[in-house]
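With these hints in hand, go ahead and build the complete structure from the sequences.
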Amino acid sequence: MTNLPRAALFMVGAALLFALMSVMVKLLSHSLPNAVVVLLRSGLSLVVLLPVVARRGRAELRTRRLKEHLIRGAVGMGGMYCFFFTISQLGLAEAMLLNYSLPLFIPLVERAWLGEPTPRGVWKPLALGMLGLLLILKPGMALFRPAALVGVVGALFAATAQVGVRRLTLSESVTKIVFYFSISSTLIALGPAALVWVTPSVAAVPLIIAMVAAGTLAQLMMTRAYQLAPAAQVGPFIYGSVAFAACFDWLIFEHRPDALGAAGTAIVVVAGVLALRRRR
26 MTNLPRAALF MVGAALLFAL MSVMVKLLSH SLPNAVVVLL RSGLSLVVLL PVVARRGRAE
86 LRTRRLKEHL IRGAVGMGGM YCFFFTISQL GLAEAMLLNY SLPLFIPLVE RAWLGEPTPR
146 GVWKPLALGM LGLLLILKPG MALFRPAALV GVVGALFAAT AQVGVRRLTL SESVTKIVFY
206 FSISSTLIAL GPAALVWVTP SVAAVPLIIA MVAAGTLAQL MMTRAYQLAP AAQVGPFIYG
266 SVAFAACFDW LIFEHRPDAL GAAGTAIVVV AGVLALRRRR
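Count along the sequence shown from 1, add 25, and you get the number used in this note's numbering.
Each hint should be verified, as a subset may be incorrect.
Pairwise CB distance ranges, derived in the manner of DEER restraints [what the hints assert, rightly or not]: (1) Trp-222 <-> Leu-159: 31 to 39 Å; (2) Leu-215 <-> Leu-159: 31 to 39 Å; (3) Val-295 <-> Glu-141: 17 to 25 Å; (4) Val-230 <-> Ala-284: 35 to 43 Å; (5) Arg-89 <-> Thr-224: 15 to 23 Å; (6) Pro-171 <-> Lys-149: 24 to 32 Å; (7) Val-221 <-> Ala-152: 24 to 32 Å; (8) Leu-139 <-> Glu-85: 21 to 29 Å; (9) Ile-277 <-> Gly-82: 39 to 47 Å; (10) Trp-275 <-> Glu-141: 33 to 41 Å; (11) Pro-231 <-> Ala-268: 23 to 31 Å.
Worth flagging that the hints you see were computed from the coordinates, not collected in a lab. Where a beta carbon is used, it is the ideal one built from N, C-alpha and C, also for glycine.
Listed below in structure tokens is the structure:
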């Protein structure tokens, strides 16, 4: 049964926690390589989840959809690498917005992966969203930043992962979905992190704990929100993370986006909401 008010509450909570996580990632990027931060995020999330899974017994680990879990883990990790790199190079609001431009790509992923037809009403929001992304990317201009392009690639990965999550929620529990993502992402992250390993300082430990706690809880809350209400209804609430990130960016890092970036951000948010709404 759909419960939109409760789903919206979960999604807004997830948005705030994701924004807080991005603050910790940016602070950690000053002293740790991106690959190490990704491993810490994934590996410690797995440690947090192990006691929960252990209490629920082996039944919580049984799945007939292991292949889908692994695919979701791989593309989700691609998105995480891109997202964390973008956070380290751009303002928080821009990085968060690029990551959450994923609704623009979801219809394309569904068409390519699942063979689902793209609703007619989605094409105009997609075109509008691409215009907004161009304003943020600024191709051909002196202000162009390659890191922003990495953010768009990350959004494509994230869109693919989200389509996978929606399919998995039809038969899998929230805990199981997040657990399998944590274990697959940790295994993937081990190699790259080993090549550039830097031992975190004592001062970094509280930031790491806050990053893992915020990220893990946000993922659980977002997955729960998608179980309670259709994505077209609850998905737009995740854009609250852009507003939260902009506030943190201003208060902590004293960063303000340029006029083109701000205009592009507003356009992408509107386009993303329209794309989600018109997929119903």
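Evaluated hints:
| no. | hint | result |
| --- | --- | --- |
| 1 | Trp-222 <-> Leu-159: 31 to 39 Å | holds (38 Å) |
| 2 | Leu-215 <-> Leu-159: 31 to 39 Å | holds (37 Å) |
| 3 | Val-295 <-> Glu-141: 17 to 25 Å | holds (24 Å) |
| 4 | Val-230 <-> Ala-284: 35 to 43 Å | holds (39 Å) |
| 5 | Arg-89 <-> Thr-224: 15 to 23 Å | violated (40 Å) |
| 6 | Pro-171 <-> Lys-149: 24 to 32 Å | holds (29 Å) |
| 7 | Val-221 <-> Ala-152: 24 to 32 Å | violated (40 Å) |
| 8 | Leu-139 <-> Glu-85: 21 to 29 Å | holds (27 Å) |
| 9 | Ile-277 <-> Gly-82: 39 to 47 Å | holds (42 Å) |
| 10 | Trp-275 <-> Glu-141: 33 to 41 Å | holds (40 Å) |
| 11 | Pro-231 <-> Ala-268: 23 to 31 Å | holds (25 Å) |
Going down the numbered hints, you'll see the structure goes against 5 and 7, while the others check out.
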